[in-house]
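Protein chains: 10
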Amino acid sequence: MEFLVRFETRLPESLSSEQVAELKAAERERAVQLRQSGILKKLWRVPGRRATVGLWEADDATVLHEALASLPQFPWMDVEVEPLATHPQEK
Amino acid sequence: MEFLVRFETRLPESLSSEQVAELKAAERERAVQLRQSGILKKLWRVPGRRATVGLWEADDATVLHEALASLPQFPWMDVEVEPLATHPQEK
Amino acid sequence: MEFLVRFETRLPESLSSEQVAELKAAERERAVQLRQSGILKKLWRVPGRRATVGLWEADDATVLHEALASLPQFPWMDVEVEPLATHPQEK
Amino acid sequence: MEFLVRFETRLPESLSSEQVAELKAAERERAVQLRQSGILKKLWRVPGRRATVGLWEADDATVLHEALASLPQFPWMDVEVEPLATHPQEK
Amino acid sequence: MEFLVRFETRLPESLSSEQVAELKAAERERAVQLRQSGILKKLWRVPGRRATVGLWEADDATVLHEALASLPQFPWMDVEVEPLATHPQEK
Amino acid sequence: MEFLVRFETRLPESLSSEQVAELKAAERERAVQLRQSGILKKLWRVPGRRATVGLWEADDATVLHEALASLPQFPWMDVEVEPLATHPQEK
Amino acid sequence: MEFLVRFETRLPESLSSEQVAELKAAERERAVQLRQSGILKKLWRVPGRRATVGLWEADDATVLHEALASLPQFPWMDVEVEPLATHPQEK
Amino acid sequence: MEFLVRFETRLPESLSSEQVAELKAAERERAVQLRQSGILKKLWRVPGRRATVGLWEADDATVLHEALASLPQFPWMDVEVEPLATHPQEK
Amino acid sequence: MEFLVRFETRLPESLSSEQVAELKAAERERAVQLRQSGILKKLWRVPGRRATVGLWEADDATVLHEALASLPQFPWMDVEVEPLATHPQEK
Amino acid sequence: MEFLVRFETRLPESLSSEQVAELKAAERERAVQLRQSGILKKLWRVPGRRATVGLWEADDATVLHEALASLPQFPWMDVEVEPLATHPQEK
Chain V
1 MEFLVRFETR LPESLSSEQV AELKAAERER AVQLRQSGIL KKLWRVPGRR
51 ATVGLWEADD ATVLHEALAS LPQFPWMDVE VEPLATHPQE K
Chain D
1 MEFLVRFETR LPESLSSEQV AELKAAERER AVQLRQSGIL KKLWRVPGRR
51 ATVGLWEADD ATVLHEALAS LPQFPWMDVE VEPLATHPQE K
Chain W
1 MEFLVRFETR LPESLSSEQV AELKAAERER AVQLRQSGIL KKLWRVPGRR
51 ATVGLWEADD ATVLHEALAS LPQFPWMDVE VEPLATHPQE K
Chain Z
1 MEFLVRFETR LPESLSSEQV AELKAAERER AVQLRQSGIL KKLWRVPGRR
51 ATVGLWEADD ATVLHEALAS LPQFPWMDVE VEPLATHPQE K
Chain G
1 MEFLVRFETR LPESLSSEQV AELKAAERER AVQLRQSGIL KKLWRVPGRR
51 ATVGLWEADD ATVLHEALAS LPQFPWMDVE VEPLATHPQE K
Chain L
1 MEFLVRFETR LPESLSSEQV AELKAAERER AVQLRQSGIL KKLWRVPGRR
51 ATVGLWEADD ATVLHEALAS LPQFPWMDVE VEPLATHPQE K
Chain F
1 MEFLVRFETR LPESLSSEQV AELKAAERER AVQLRQSGIL KKLWRVPGRR
51 ATVGLWEADD ATVLHEALAS LPQFPWMDVE VEPLATHPQE K
Chain C
1 MEFLVRFETR LPESLSSEQV AELKAAERER AVQLRQSGIL KKLWRVPGRR
51 ATVGLWEADD ATVLHEALAS LPQFPWMDVE VEPLATHPQE K
Chain E
1 MEFLVRFETR LPESLSSEQV AELKAAERER AVQLRQSGIL KKLWRVPGRR
51 ATVGLWEADD ATVLHEALAS LPQFPWMDVE VEPLATHPQE K
Chain A
1 MEFLVRFETR LPESLSSEQV AELKAAERER AVQLRQSGIL KKLWRVPGRR
51 ATVGLWEADD ATVLHEALAS LPQFPWMDVE VEPLATHPQE K
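Protein chains in written order, with full-length UniProt numbering: chain V, 1 to 91; chain D, 1 to 91; chain W, 1 to 91; chain Z, 1 to 91; chain G, 1 to 91; chain L, 1 to 91; chain F, 1 to 91; chain C, 1 to 91; chain E, 1 to 91; chain A, 1 to 91.
No lab work stands behind these hints, which were simulated from the structure alone. From the three backbone atoms N, C-alpha and C, an ideal C-beta is built for every residue, glycine too. Watch out, some of these pointers could steer you wrong.
[Claimed, not checked] When the alpha-carbon atoms are kept at most 25 Å apart in a straight line, the in silico DSS-like pairs for lysine-lysine are as follows:
id	chain 1	residue 1	chain 2	residue 2
1	A	K42	C	K41
2	W	K24	V	K91
3	F	K42	E	K24
4	Z	K42	Z	K24
5	W	K24	V	K42
6	E	K91	E	K24
7	C	K42	A	K91
8	V	K42	V	K91
9	C	K91	A	K41
10	C	K91	C	K24
11	G	K24	L	K42
12	L	K42	L	K91
[Said to hold, decoys possible] Residues from chain C that keep clear of chain A, each with C-beta distances beyond 10 Å, as calculated:
id	residue
13	P12
14	E13
15	A25
16	D59
17	A69
18	A85
19	Q89
Just need the whole structure built from these sequences, with the hints factored in.
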């Protein structure tokens with residue numbers, strides 16, 4: 001089942017620039033793994049914002065939550081999940 | 001996968017009271033079938049409103065949509081679907 | 001450039017069921033043309049609603065508007081367009 | 001009487017990881033007690049969020065409030081309570 | 001248990017002034033009965049609107065819903081129910 | 001004239017538990033005085049929140065503001081005031 | 001006591017242009033009376049809308065409601081009332 | 001002074017296609033006049049909607065309102081006006 | 001041209017009570033000057049809030065902005081400006 | 001393609017007044033460059049706020065995002081981007 005997932009990340013000002021760089025590298029690495037496993041299908045950037053719209057596919061919302069919660073920046077992400085149904089024209 | 005489904009029904013004033021009675025009877029009958037098939041698990045009424053909160057279970061959002069769209073009052077229902085993940089304490 | 005386009009269609013009750021059927025057939029036909037021209041890339045259904053989320057690609061918002069306005073049901077569609085930027089991980 | 005209770009927890013960054021672990025353990029323990037007493041009937045996780053939807057049953061809103069306020073994380077929870085009426089089909 | 005109930009009534013323009021007068025008289029009569037039974041405790045008018053804020057008391061939301069639905073103008077009322085807990089200073 | 005006053009209190013984390021206890025005691029004491037003077041008529045707790053709905057009576061909004069601003073926790077209260085008119089059925 | 005009153009008027013399309021002209025004349029006449037009695041102190045137009053912001057003064061919300069409800073266009077007005085307190089600098 | 005004016009037009013279904021064509025022609029003609037007088041400086045279309053964002057310049061909000069109200073489709077337009085100040089970099 | 005200006009002030013907790021007293025005195029002094037110059041015509045307090053509704057008059061939004069930005073508390077004020085047109089009844 | 005871009009800047013209180021002055025100078029310098037390259041066409045100030053409405057032109061949302069993200073104050077800007085289509089009257 002596909003989900004449209006929108007998230008916005010606000011890292012706290014208290015993190016050093018090194019910590020931020022490490023977090024971003026770890027985030028990219030985990031995203032690559034989630035793409036390889038087929039859960040993360042596509043990401044877009046919302047112009048002007050530290051926000052992302054993504055197309056995800058998972059068996060159910062529990063599996064999706066575990067994938068999202070495995071992202072290193074998850075504690076600072078505000079996430080909204082929208083379930084998607086197959087459109088008749090896509091069948 | 002479970003979904004929290006909230007809907008509010010506004011039948012048009014142009015329907016006769018007979019048509020309304022028929023629609024409501026057909027709605028109840030279809031709901032019984034959906035309960036028997038296990039898709040519709042529980043309904044609550046929102047006090048003071050012609051609205052319902054329900055717990056539904058379906059393989060994915062496409063199957064859920066077909067169940068909702070099979071309700072005779074669907075053309076006059078405003079529906080909101082929220083995906084639910086299993087809580088760790090429930091495992 | 002890609003756009004996330006969300007629309008919800010509310011045909012007026014005054015249309016006969018024949019008119020509705022004709023409109024829906026014309027809508028499907030026009031959608032096929034828009035897919036063939038590459039403007040319409042993917043559609044999803046919002047579960048429980050007469051609403052659609054779609055991924056569209058057009059040179060700019062003017063071309064996109066013309067494509068949307070060419071849909072036979074456009075006069076009864078409530079449309080929201082969100083511009084999408086390429087995510088660095090997709091490059 | 002049943003209530004749909006939605007809460008989102010934001011622990012302050014100033015807590016140490018030990019304090020967080022203690023709080024979460026105490027929270028789980030209190031939740032078990034509330035389930036045993038029949039006030040807390042079911043919890044779901046909102047996918048992608050540190051948020052929970054729950055089905056609670058209490059004599060009235062005063063008893064419900066006392067149960068919610070007894071949760072160790074209550075000072076950092078944003079809680080919304082919705083009263084539920086029995087649906088005619090459930091009788 | 002007490003509830004704060006807010007409703008706004010919009011009678012359709014198609015009703016004759018006689019029908020409106022009858023409805024309003026029936027509404028007042030039913031309100032008197034609900035006051036006598038102790039369910040309706042107090043009503044205020046929202047200034048400038050055809051809206052009312054009321055304090056109601058009922059065993060639970062199901063009993064409250066039945067009382068509200070027994071009002072002759074209920075089909076044209078938009079109702080919002082908020083559960084109230086006893087404040088410690090009132091004990 | 002009566003007012004429906006809703007407030008939610010968020011004391012800052014920087015206050016010590018002693019300061020919080022003193023503030024709460026002072027708040028209760030001031031509330032007792034306001035009840036005795038007839039300005040504060042009734043308080044309810046919003047279940048699950050550090051929030052209160054109250055019925056207040058004052059000559060006008062200026063007198064009401066002075067009463068609210070005299071509460072020791074006022075600097076940390078988010079307050080909303082709604083004017084109430086007498087309902088014809090209450091006359 | 002002063003109130004800031006905002007209203008927007010939507011006369012139904014079913015009224016003839018004569019009925020509209022009569023209503024508007026009656027509205028102006030009643031407004032003149034309300035100004036003479038001191039309840040209506042000042043009106044502004046919201047640019048681009050059939051809406052008005054006004055400064056009203058009345059003993060309480062009940063008197064204000066009666067003044068507003070005496071306007072001939074009241075049945076088609078959407079009204080919002082905000083209570084105003086005297087600012088210390090105005091004393 | 002400049003204003004950002006956003007409007008959305010919803011002509012009623014009861015108008016014949018001839019009436020709509022006449023209205024649209026009259027609208028265009030009036031817009032040309034408003035451009036020539038310098039009040040209307042620029043229009044954009046909101047993609048996917050029957051809506052327009054425009055840059056207008058007028059001595060004050062009263063003159064702007066008169067210009068907007070002179071548009072033949074004004075009775076069916078929902079208009080929002082936002083005042084703009086000169087940015088320091090533009091001086 | 002007149003404007004309805006609403007602002008809410010939240011001074012940071014880090015300011016000492018002396019700094020707050022100085023700021024408030026400077027604010028009052030600047031307000032007196034703005035009244036004398038005719039830009040600030042009237043202020044009201046929103047009951048229960050650290051908020052103000054004011055009637056301002058300025059040649060345009062640029063002049064108004066400069067007046068607002070000259071207030072010593074401006075860095076901590078959340079301001080909303082609404083343009084007002086003259087009502088036909090006021091002419 | 002043109003975009004309407006709205007942003008509001010909130011520099012953190014922890015910055016020294018020198019850092020703020022440097023940031024503002026760097027911001028102005030970068031804005032001049034973006035104007036020279038034709039991406040930034042026009043800026044307005046929202047009266048009463050630290051906010052800006054701007055007209056931008058870029059090949060697509062990706063190029064626009066890079067321009068916005070190159071502004072020195074970008075980490076503290078809340079940005080909203082709205083795509084604009086050419087209005088038929090402008091052709």
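Which of the stated hints cannot be reconciled with the structure, identified by number in ascending sequence? Per hint list: 3, 5, 6, 10, 11, 18, 19 violated.
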